[in-house]
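Asker: With the hints as extra help, turn the sequences into a complete structure.
There are 2 protein chains.
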Amino acid sequence: MKIICSQSELKNNLSLVSRAVPGRPTHPILANVLLVADSEKNTVTLTGFDLSLGMRTSFAAEVEEEGSITIPAKLFNDIVSRLPEGEITVSFDYDDIDDNPLVAIASMYGKFQLRGVSADEFPELPAVEKEEALMLPVTALSEGLKGSLFAASGDEAKQILTGIHLTRNLDTLEFAATDGHRLAVVKTTDDKEVSEDGEETTDEDISISEEQNFTMTIPARALRELERILTMAKEEDNVALYVDDGQVVFELGAQNLTSRKLDGAYPNYNQLIPTSFDRTMVVERKRIIESLERVSVLLDQKNNMVKFTLDGKNDQLFLSVEANELGNAKESIVAEITGDDFEIGFNIRYLMDGLKALSSNEITFHFNGAIQPVIVTPLSGLQMKYLIMPVKL
Amino acid sequence: MKIICSQSELKNNLSLVSRAVPGRPTHPILANVLLVADSEKNTVTLTGFDLSLGMRTSFAAEVEEEGSITIPAKLFNDIVSRLPEGEITVSFDYDDIDDNPLVAIASMYGKFQLRGVSADEFPELPAVEKEEALMLPVTALSEGLKGSLFAASGDEAKQILTGIHLTRNLDTLEFAATDGHRLAVVKTTDDKEVSEDGEETTDEDISISEEQNFTMTIPARALRELERILTMAKEEDNVALYVDDGQVVFELGAQNLTSRKLDGAYPNYNQLIPTSFDRTMVVERKRIIESLERVSVLLDQKNNMVKFTLDGKNDQLFLSVEANELGNAKESIVAEITGDDFEIGFNIRYLMDGLKALSSNEITFHFNGAIQPVIVTPLSGLQMKYLIMPVKL
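Chains A and B are the protein sequences, given in the same order. Position in the first sequence (first residue = 1) + 56 = my numbering. Position in the second sequence (first residue = 1) + 56 = my numbering.
The reader is advised that the hints may include incorrect statements.
No copy labels: a pair is met if it fits in one copy or bridges any two.
As the list claims (entries may be wrong) - Only pairs whose alpha carbons sit at most 25 Å apart, straight line, appear in this in silico BS3-like list of lysine-lysine:
hint: 1; residue 1: 167; residue 2: 369
hint: 2; residue 1: 167; residue 2: 386
hint: 3; residue 1: 412; residue 2: 358
hint: 4; residue 1: 363; residue 2: 412
Source of the hints: derived by calculation from the structure; they are not laboratory data. From a predicted model like this one, the values you see are computed outputs, not experimental measurements.
Answerer: What follows is the structure, given as C-alpha cells:
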C-alpha cells in the first residue's frame, strides 16, 4: 500500500475518526484506525470504531498501490498534526525481523515508522440496510441536539437514560432526554425524503406514512460526535439518517457515523409534563443567566439552591442565595408575571443547563405550586420544553 | 468604609494581587486581600500576601468614607469579575448578630454580602529601606526572566535552586537558574539609576561603584509574577528595584511586588561553563524545535532521548528517536558544522525548554565530547548561555 495525500486533508479526517477511538480500548486493535486505500477511486477511507460508535470518512488521495492497514490512532494523529503542510506519503512494509507491518509516514523533513496491525483484525462496522433515508436539515438536527443532549444522564448505570430518545411521527422528529431530575424535549420538522437513488421525492410520490414512524434511543456519546460534525456542515446541508433494528447511520457527505441503539423502554415522559399552570413569568434569558452565574459564586457542594421570589406588583423577579458561612446575594430582574406572588427554589446547575440550551432571547417559566414541576419554554422559535423539579425551600 | 469605583479597575487590580494569595493558606487570614481606602488621596490599595511574596496595587476611587478591611480573595474576585461594567460600591458594616464585619458589594443589579475580617489581623508587608533604586528597563528584565525562569527547580526540597540568582556587577545584571540538570545564564545591562527624589543621575553625578554590587537569590515563584506584571507594562517603562538584607521590592507605577530572598550559597555556576570547544553547529531555532516536537511524539516516561548525528560533509544534522515498541523517527535539518562528525544524546524536554527560551532565529551549539556539557547560545542579540548535560547513548 502506498498513498500520497495532503497533510491538511489527512489531519482533518484523521482527527475526526479518532474521536470514535476509545481511550481505554477493550481490545488493543480498537486503539487503531483502519486506513483503506482504493486505487480505482483514488480515495482513502479512515475508520474508528469502539464497537458501539463508528466513524468513517473518505477523501481524495493519489493511491499508488492499494491496500489496507490499521495504525495506532493517537500516535498517527499526533504525528500527522505536527507534520509540515504539503505532501505526505503513507506506506507500509513488513518488518525484516518479525514480519509485522511497519507503516512509514514520510514528509519533506523525514520519516516516521510505526508498528501497524493487519486490517484483517479490525472489526467490521455493522451493516445497516440503506433502503429509505430520512433527510434531516442540519439546522433542525443541531437545534434538536443542542436542546436535549445536556439533559441526558452521564451515569452509565442509568443505561437507557444515557441516550437521546428520538420519535418520528409523520413529518416531525422529537428529541427527548432526562436524567431523572430534569427533562428536555425538542420537536423539529424534517423537510423531505429521498429514495435510495438520491432523487428527491415529493409528498405526491410517497406520502409520509405512519408505517415509517419510529421511536428509538441513541447513546448521547454518539450524538455529541454528530453535533461536532454538524458544526463543520453548511446550514443548507441535509443529513441522511438510516435506521434498522439494532443500528442507526448518519451520513453527511463523505462523513459517516454509525451507532448502536440503546435497548430498553424509554420513560413515558409526556405524561410528566403538566398542561395547565397557575402562574407564568417571562424574563430575558441572557440577563437571568448572568445573574445566576454571579450568585452561584456563593454556592458549594452542600448548598446549590437559588431562591426565586416573584413580585408581580413590581414586575420583579428576585434571585437570592444564602450561604451561611460565606455570605449572601440578592439580585433583581424585570419580569412579566401573571398569577399570585410566590417563592420557589431550584438546583442552580440544573436550571442554568436548561436556560443555556434554550435559544430565544426571552423565555417563559410556567409554574404551579412550589413543589410541582416547572416548565421553561422559549417565547418564540424552537419548540422546546424544559421540565425541572423545584427544590424544597 | 465606603468606596465607589469602576468594575473594570477593581477587577484588574484584584486579579493582580490575588496572585499572591496562597491556594492553601497556612493561616486563614492569608486567604483574604487587604483593602485600604484613603479619602485624602481618593485611592484604594489592595494587598495580597503569602508571607513570602506580597503584591500591592493602588487605583483611583471615590472614597466616601475611609477605612480598611480584608475580604476572602477568591470569592471577591469571582464576584467582581462577573459584575456588569459600571460603578461598584464596596462598603462594610458590622453584623447585627455576631458583630463581625459584613462587606457589601453592590452593583446596579443587586448586592452581595461577604464575611470580612478586620484589617488589624492582616500581616504587614515587610518594610524595605528605599534609599537607592536600581532602575531596570522592562525589556531587559523580561529577557532576563524569560531566559532563566524555566531552568529553576520546581522541587521545593532543592531550596536555593528554586530561585533565580541575580548578580549585579557595575552596570550589568546577570540572571542564573539551574535545577542540577541544566543551567541558564542571561546577562543584561541596566540603563540608569535614580536617587530617592526621582531625579535621574548621570555617571558624572554618581558613578556606579563596586560597593553597590550585589548577589542574591529570589524565589522563581515571585519572579514569575513579576514577569506577568511586565507583560502589561510599556516597553520603555522602568522597574525600580530596592534591595535590603532580607527582602527585595520591584515597583512599576502603582504596582509593587515584595519578596523575601532565599538563604544559602548559590552554586558557583561559572566554573561549570566550558570556555573552549571542539565542535560548533549553527541551526535555525524554529526548525529544530518543530522537528523535536514531532519526534517527541514517540517518547514516553521510560525513553526521552533524542540522538543528534552531525554530518559536516553534507551540512546536515540528523535527529532520531528509537522507541522499540512504537516505532522510530528520523528527520534532518540543514546545519553549519565545524569540527569532526559525532553523535550525542539529549533529554528532549530539557533541550526543548532551553531552545524555546532562546530568542534569536539562529542558535549555536558548542560541543566537546559526547558526555561533556554542551552550551547553546543565540547567534546574535541577548547574551544568554544554556548549558545542558548530554545523555549517554
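Asker: Does each hint fit the structure? Answer for all of them.
Answerer: Evaluated hints:
no. : hint        : verdict
1   : 167 <-> 369 : between (75 Å within a copy, 21 Å between copies)
2   : 167 <-> 386 : between (62 Å within a copy, 6 Å between copies)
3   : 412 <-> 358 : within (23 Å within a copy, 45 Å between copies)
4   : 363 <-> 412 : within (19 Å within a copy, 52 Å between copies)
In this structure, none of the earlier numbered hints is contradicted; all agree with it.
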